[in-house]
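We have chain Z already, so just place chain X on it with the hints.
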Amino acid sequence: MQVAFRDRLALLVQREVGRLLGPVWIPAAVAVLRWRHGWQIVGSGAARREFARLRRESQAPLLVCANHLTMVDSFLIAIALGSPWWYVAHFSALPWNTPERDNFSRTWWLRIATYVMKCIPVERGGDRREIGRTLERFIYMLGRGDVGLIFPEGGRSRSGRIDPEASTYGVGRVVKSLPGCRVLCVYLRGEGQAAYSDAPARGERFRVLFASLEPKTEQGGMRGSLAITRQILARLAALETEWFDARQ
Amino acid sequence: MTEKEAFETVVKIITPHAKNPAALASAKMDTNILDDLKVNSARLVDVVLAFEDAFDIEIADEEVDSVNTIGDCVRLILAKAS
Numbered sequence: 000m001q002v003a004f005r006d007r008l009a010l011l012v013q014r015e016v017g018r019l020l021g022p023v024w025i026p027a028a029v030a031v032l033r034w035r036h037g038w039q040i041v042g043s044g045a046a047r048r049e050f051a052r053l054r055r056e057s058q059a060p061l062l063v064c065a066n067h068l069t070m071v072d073s074f075l076i077a078i079a080l081g082s083p084w085w086y087v088a089h090f091s092a093l094p095w096n097t098p099e100r101d102n103f104s105r106t107w108w109l110r111i112a113t114y115v116m117k118c119i120p121v122e123r124g125g126d127r128r129e130i131g132r133t134l135e136r137f138i139y140m141l142g143r144g145d146v147g148l149i150f151p152e153g154g155r156s157r158s159g160r161i162d163p164e165a166s167t168y169g170v171g172r173v174v175k176s177l178p179g180c181r182v183l184c185v186y187l188r189g190e191g192q193a194a195y196s197d198a199p200a201r202g203e204r205f206r207v208l209f210a211s212l213e214p215k216t217e218q219g220g221m222r223g224s225l226a227i228t229r230q231i232l233a234r235l236a237a238l239e240t241e242w243f244d245a246r247q
Numbered sequence: 000m001t002e003k004e005a006f007e008t009v010v011k012i013i014t015p016h017a018k019n020p021a022a023l024a025s026a027k028m029d030t031n032i033l034d035d036l037k038v039n040s041a042r043l044v045d046v047v048l049a050f051e052d053a054f055d056i057e058i059a060d061e062e063v064d065s066v067n068t069i070g071d072c073v074r075l076i077l078a079k080a081s
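Chains as they are written, first to last, in numbering that gives the first Met the number 0: chain Z, 0 to 247; chain X, 0 to 81.
No lab work stands behind these hints: they were computed from the structure. Each hint can be trusted.
Here are the simulated DMTMM-like cross-link-like pairs (lysine to aspartate or glutamate), alpha carbons at most 25 Å apart as the crow flies: (1) X:37 to Z:101; (2) Z:215 to X:61; (3) Z:215 to Z:49; (4) X:79 to X:61; (5) Z:215 to X:55; (6) X:79 to Z:135; (7) X:27 to Z:129; (8) X:18 to Z:162; (9) X:27 to X:62; (10) Z:215 to X:64; (11) X:18 to X:64.
One chain only, chain Z, in its complex shape (with noise of 0.2 Å):
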């Protein structure tokens, strides 16, 4: 499917409006989460020096894929992964994500920020041609050089673990549809998050632990997409024992 040069243009216009407001609105959305919510993230150290390196390394697509218990999941896991103003300086490298449409659309406030928050809106369950339109958008800009982020399982998890079975296609399909891409597996949850909610808790201390991989399947058609999403799944799974693991 082509993106239509409309679609196109509108992308790089999105992009361009939250690069230059990103001196003003990357640093304030971090301040706000950590002086207004307490929230401190742990590990993102080396995730930070992780990213940088696939980043610096390569000019070949990359796609963070983690796992996802509340509705600010995406702004948190970037900010795992780089600091403001590294992400002032490499805004391609602040992940392109695709929120569902109804969390984000219900005030004004929300509607901007998503749109300098490089969000391409989804509609889960909606019509089949507009979330492959949306699919094609984000794969576009990834292929530009953008990052992108997805949640392999498709929604928050709802047992508030992953589910490695899970049937869902999308990141199988973006990963095959940009030859050699890389993906970044994330695992970031909170020490008092014991299952998923709309957002942490006041004070909540995340850790961060990842992996790198490069997917791979012989199989065609949507068997190949769901082999590659299982494959990125597992790894998350791994990533999720370790997590336990080591709070023991």
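For chain X alone, coordinates are given in the frame of chain Z:
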């Protein structure tokens, strides 16, 4: 394979995933799989893979984008099978 045969097989494959039995009982070509039959969108992958196995075809990710109704499935399968 006729359109009727493909339709019947498609309905049979969708049946375990449909949460609206009334709509399933009166399913037609224009019945929407997600909205009318209330099939969970996450189960769509299982449905498509079952189509691949049942009709011995391969369906590309992009082709799934055009699938909303039972008729969309039937037309896609007949085009692939031919």
